[in-house]
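Those protein sequences? They're chains A and B, same order as listed. The first sequence stops at residue 295 when you use the working numbering, and every number in between is there. The second sequence stops at residue 1333 when you use the working numbering, and every number in between is there.
Treat the hints with care, as some may be off.
As the list claims (entries may be wrong) - Simulated pairs of lysine to any residue, SDA-like, Cα-Cα distance not exceeding 25 Å:
#1 A:Lys97 / B:Arg1129
#2 A:Lys286 / B:Arg1224
#3 A:Lys286 / B:Tyr1228
#4 A:Lys286 / B:Tyr1223
#5 A:Lys89 / A:Glu182
#6 B:Lys1153 / A:Ser271
#7 A:Lys97 / B:Leu1326
#8 A:Lys97 / B:Ala1328
#9 B:Lys1098 / B:Leu1109
#10 A:Lys89 / B:Val1305
#11 B:Lys1153 / B:Gly1101
#12 B:Lys1153 / A:Ala270
#13 B:Lys1098 / B:Met1148
#14 A:Lys97 / B:Val1312
#15 A:Lys64 / A:Pro128
#16 B:Lys1098 / B:Gln1252
#17 A:Lys97 / B:Ile1322
#18 A:Lys136 / A:Pro9
#19 A:Lys64 / A:Tyr149
#20 B:Lys1153 / A:Val278
#21 A:Lys286 / B:Leu1117
#22 A:Lys286 / B:Pro1216
#23 B:Lys1098 / B:Asp1159
#24 A:Lys89 / A:Ile79
#25 B:Lys1098 / B:Leu1256
#26 A:Lys89 / A:Gln188
#27 A:Lys89 / B:Val1317
#28 B:Lys1153 / A:Phe266
#29 A:Lys286 / A:Gly255
#30 B:Lys1098 / B:Ala1116
#31 A:Lys97 / B:Val1313
#32 A:Lys97 / B:Arg1217
#33 A:Lys136 / A:Leu65
#34 A:Lys97 / B:Ala1210
#35 A:Lys286 / B:Arg1227
#36 A:Lys97 / A:Val196
#37 B:Lys1153 / A:Pro268
#38 A:Lys64 / A:Lys136
#39 A:Lys97 / B:Leu1316
Since the hints were made in silico from the structure, they are not lab data. The structure displayed is predicted, hence computed values, not measured ones.
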Amino acid sequence: MFDLLGVPPQVLFGQLLLGLINGSFYALLSLGLAVIFGMLNVINFAHGALYMIGAFVAWLLLTKLGLGYWWALGLSPLIVGLLGVVLEKTMLSRLYKLDHLYGLLLTFGLALIMEGAFRHFYGVSGQPYPIPDALKGGQNLGFMFLPNYRGWVVVASLIVCFGTWFAIERTRLGAYLRAATENPVLVQAFGINVPVMITATYGFGVALAGLAGVLAAPIYQVSPLMGTNLIIVVFAVVVIGGMGSILGAIVTGLGLGLLEGLTKVFYPEASNIVVFVVMAIVLLIKPAGLFGRER
Amino acid sequence: MATQSKTSNLKAAETQTTTIALRRPGQDTSRNAIILGIGLLIALAAPFVLYPVFVMKVLCFALFACAFNLLIGFAGLLSFGHAAFFGGAAYITAHSAKVWGLGPEVSILLGMGFSALLGLAFGALAIRRQGIYFAMITLALSQMVFFMALQLKFTGGEDGIQAVPRGHLFGVIDLNNSLSMYYFVLAVFLVGFAIVWRAVHSPFGQVLKAIRENEPRAVSLGYRTERYKLLAFVLSASLAGLAGGTKALVFQLASLTDVTWQMSGEVVLMTLLGGMGTLLGPVVGAAIVVTLESYLAATSMPVPVVIGAIFVVCVLVFRRGIVGELQARFGRR
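Chain B extracted, bound-state conformation:
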């Protein structure tokens, strides 16, 4: 065990992450602006081409993966329990909207607040250990949430909370109209994405990267790394909650599926496939995984086997992910 002299998480053989860390923010703003502009146009036009609920699902999972990526990609912390925040918020949002009759925006905020508190508790425990232990602790804690969701009365056990009303946004806009719901979800996604963007390109984000690359050095520079890690964890958990709450309104359902460890694994895969530590990677990864799953659902192929196989291939030969690979290929150094 003494061989474990490494100090940073997941920098490993990848040079890509290092180049990201070294690049000054704003160096390639124009290119990013073009990519974002095109992406936004696609997102605005998508519901007229594709099935809106499908695109909303992609957006929810993309936000979930972005939140997760904030931890793994920029702070080097592998959480294997993000389903607890995603699914936990889904339950709270669904309960608020259905039983308490609150509006969609308040319900989602309540779900998000719940995830933030849960993230504070889990984060405070998990950051006491590093690396593999961090992953195992988050996994175990989220499994605890799963069992609670299974047993508590208000979650509805195996059935979940069904027929959640979407309600009227700010009491005015009817979200039962799938187009208005779509643009609402898109707005939520953009807000979440902007928060991640801002966090990564802030002094806070730079400190996170320093912790990822070399935590002892960050400590010796006088940073209280636990606080930064905890804040990153809470931020990530809240955004995962935002995604989960929104998802509950889109599908009008909060169920056990959202809190299983398979869900935690899925978000890891989306991020890994798209590219850890890249801003757009999780979005691409989420789009691919969600598309693939809805395609596979129509065939007789066992979904977990395919997902597992992609996992194995990614880990063995494709660790940079799609966006990471593109960035390396058409390098911006």
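Okay, chain A solo, but in the shape it has when bound:
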């Protein structure tokens, strides 16, 4: 086989696949953040913690109730979404009249509570989660080996991302949502129940995080710390992409995942910080973000 810039293609494509998978999670999470931010003007710091809870619910369903992966794929986002609805109804909704920074501070506190509690009960070591039988094995693509499950993660998250994009940009409900984002008072005057919509939006956004958690469970270990560092990278992704567009969030997430994979191949020391460096550069050139609107 040939070498690319002195790197064996197996290594290159392997890291690119890993980058693509990371990128899928960035895309799912930043999509949820963008949807929530659009409607609530709140940056959901608890997003990483809810992603972790999504994975833990899947693990608990399996070990305590014997319900497998496909059950978890449906139930876990539902449970996380309901948790989100409760949080929004009882706490977040009290803060809308105040400065938006209070929403960030509140969700930061919630993230500390959730992560601290899981850490207290389950320790910091990860719990293994088996790959479902239907997705075991892999394909030999000639230039690399593609494990079935990883291919599934990429495809599934792409489907969810573009489904969300379609629902928001091309359906009637999405039109209400976009209208309420622009001017909630007017939309409410037209007889649409905006508070319920806000609650549902938050529930949906965190359900996406829960789904990402289930998808991640067989790849990474299920651990209380899995969301902590991820969420900060996702924040940087959001700053790079700008909050303006749903599509922007998806494209930026995938792109930065790939970039991170490439960096791991060519200059591994910088792979942890490459996203932040890109963020700094984007801020210098286009402060509103690649897809953002200057306000």
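Once you've looked at the hints, dock chain B against the given chain A.
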């Protein structure tokens, strides 16, 4: 997103901050002098009653929180990345004292200078965006510092820099004596506090408050608000560095804990709990949080859960903080 017509940060439902802004400096000097005098007496006597290292820790974090409060309380900028300055300076100070063998005062100044430069770079980037974005950018940049601290050779990775010598202050006073170390830390704190005090009660501080209350109006009055914000950011970063460098000498340790985002969150909590935009609030908040943490460390209660719960309660029902609440209760209007 068009609903975001608000122009000021964190003034919100609080009227307290506005009254502070409107009060003329010097109006209640005598009362402040009494409070400060009592505080100073307590601080001077503290090492004879309490464990000196504990009080020094409180003082370091109090200075850190005061530095942070300069930004959030007076310029309305929420930085979620102040751990980078605190921990970054701790590393530089520890390295200077241990490897280069410099004296404590030079080491701390080097750490502080590093934080000032870092603050200049971060501030220049972060003030390009407002509000929530500002918080996210500072958080992301400080996470970059965390990863660098994890990977660079001189920081010692997971171990940090241990057994940092305290050395002799100006080559004369032995800081290994815990009492002399304590009074040195107290002096550092007082200098830092005086700088914050002076900055807040200066024309510069008034412009910062104007920016916090209404930035477009400050711009239309002819102020170059970015410069004021950047200067406030650098000042805050330097003072956070002063606190971090001093902390490194107190504990003779610079470690990864100091640069984590949890540390950034902790200083937010101290300020929020004590009272944002009040001068004494961060000191009170720091004292409570540090006390609470050392108390909790002896029990089996998970510290992050308690800290998070205080956060939630503060945000939901106690946004003025302790000192802010007291000022509102025993109003000085």
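Results of checking the hints against the structure:
1. Proposed proximity of A:Lys97 and B:Arg1129 is supported: the alpha carbons are some 22 Å apart, at most 25 Å.
2. For the hint pairing A:Lys286 with B:Arg1224, the CA-to-CA distance comes to about 21 Å; that is within 25 Å, so the pair holds.
3. In summary, the hint linking A:Lys286 to B:Tyr1228 is supported, as the alpha carbons are separated by about 22 Å, within the 25 Å threshold.
4. For the hint linking A:Lys286 to B:Tyr1223, the alpha-carbon distance of about 24 Å falls within 25 Å, and the restraint holds.
5. At roughly 22 Å between alpha-carbon atoms, A:Lys89 and A:Glu182 fall within 25 Å of each other, so this suggested pair holds.
6. Pair hint B:Lys1153 plus A:Ser271 holds up; C-alpha atoms about 17 Å apart against a cutoff of 25 Å.
7. Restraint check for A:Lys97 and B:Leu1326: the C-alpha separation of about 24 Å stays at or below 25 Å, so the hint holds.
8. Simply put, A:Lys97 and B:Ala1328 have alpha-carbon atoms about 21 Å apart, close enough for the 25 Å limit, and the pair holds.
9. Among the hinted pairs, B:Lys1098 with B:Leu1109 is consistent with the structure: their alpha-carbon atoms are about 15 Å apart, no more than 25 Å.
10. The suggested pairing of A:Lys89 with B:Val1305 holds, with an alpha-carbon distance near 21 Å, which does not exceed 25 Å.
11. A hinted pair counts as satisfied when its Cα atoms are at most 25 Å apart, and B:Lys1153 with B:Gly1101 qualifies at roughly 18 Å.
12. Only pairs whose Cα atoms come within 25 Å are accepted, and B:Lys1153 paired with A:Ala270 is accepted, the gap being roughly 14 Å.
13. For the suggested pair B:Lys1098 and B:Met1148, the alpha carbons sit about 20 Å apart, so the restraint of at most 25 Å is met.
14. Among the hinted pairs, A:Lys97 with B:Val1312 is consistent with the structure: their alpha-carbon atoms are about 17 Å apart, no more than 25 Å.
15. Of the supplied pair hints, the one linking A:Lys64 and A:Pro128 holds, its CA atoms being roughly 14 Å apart against a limit of 25 Å.
16. With a C-alpha separation of about 10 Å, the suggested pair B:Lys1098 and B:Gln1252 falls inside the 25 Å cut-off, and the hint holds.
17. Using a Cα cut-off of 25 Å, the hinted pair A:Lys97 and B:Ile1322 holds, with the two alpha carbons roughly 22 Å apart.
18. At most 25 Å may separate the alpha-carbon atoms for a hinted pair to count; A:Lys136 and A:Pro9 meet this at roughly 24 Å.
19. Of the supplied pair hints, the one linking A:Lys64 and A:Tyr149 holds, its CA atoms being roughly 24 Å apart against a limit of 25 Å.
20. A distance of roughly 24 Å separates the Cα atoms of B:Lys1153 and A:Val278; the hinted pair therefore holds under the 25 Å criterion.
21. Between the alpha carbons of A:Lys286 and B:Leu1117 the distance comes to roughly 23 Å, so the proposed pair stays at or under 25 Å and holds.
22. Proximity of A:Lys286 to B:Pro1216 is assessed by CA-CA distance (about 21 Å); at most 25 Å being required, the pair is judged to hold.
23. This hinted pair checks out: B:Lys1098 and B:Asp1159 have alpha carbons roughly 15 Å apart, not beyond 25 Å.
24. With a C-alpha separation of about 15 Å, the suggested pairing of A:Lys89 with A:Ile79 holds against the 25 Å cut-off.
25. A distance of roughly 17 Å separates the Cα atoms of B:Lys1098 and B:Leu1256; the hinted pair therefore holds under the 25 Å criterion.
26. The hinted pair formed by A:Lys89 and A:Gln188 meets the criterion: a straight-line CA distance of about 18 Å does not exceed 25 Å.
27. Between A:Lys89 and B:Val1317 the CA atoms are separated by roughly 16 Å; this keeps the pair inside 25 Å, and the hint holds.
28. Our distance criterion of 25 Å between C-alpha atoms is met by B:Lys1153 and A:Phe266, whose separation comes to about 20 Å.
29. Under the criterion of a C-alpha separation no larger than 25 Å, the hint pairing A:Lys286 with A:Gly255 is consistent with the structure, at around 17 Å.
30. Distance hint between B:Lys1098 and B:Ala1116 is fulfilled; the C-alpha atoms sit about 22 Å from each other, no more than 25 Å.
31. Annotation: proposed proximity of A:Lys97 to B:Val1313 holds, straight-line Cα distance about 17 Å (limit 25 Å).
32. For the suggested pair A:Lys97 and B:Arg1217, the alpha carbons sit about 22 Å apart, so the restraint of at most 25 Å is met.
33. At roughly 22 Å between alpha-carbon atoms, A:Lys136 and A:Leu65 fall within 25 Å of each other, so this suggested pair holds.
34. For the hint linking A:Lys97 to B:Ala1210, the alpha-carbon distance of about 22 Å falls within 25 Å, and the restraint holds.
35. Taken as a hint, the A:Lys286 and B:Arg1227 pair is honoured in the structure, with Cα atoms around 20 Å apart against an allowance of 25 Å.
36. A distance of roughly 17 Å separates the Cα atoms of A:Lys97 and A:Val196; the hinted pair therefore holds under the 25 Å criterion.
37. The hinted pair formed by B:Lys1153 and A:Pro268 meets the criterion: a straight-line CA distance of about 15 Å does not exceed 25 Å.
38. Taking the CA atoms of A:Lys64 and A:Lys136, the gap is near 23 Å; set against the 25 Å cutoff, the hint holds.
39. A C-alpha spacing of about 12 Å is found between A:Lys97 and B:Leu1316, which places the hinted pair at or below 25 Å, so the restraint holds.
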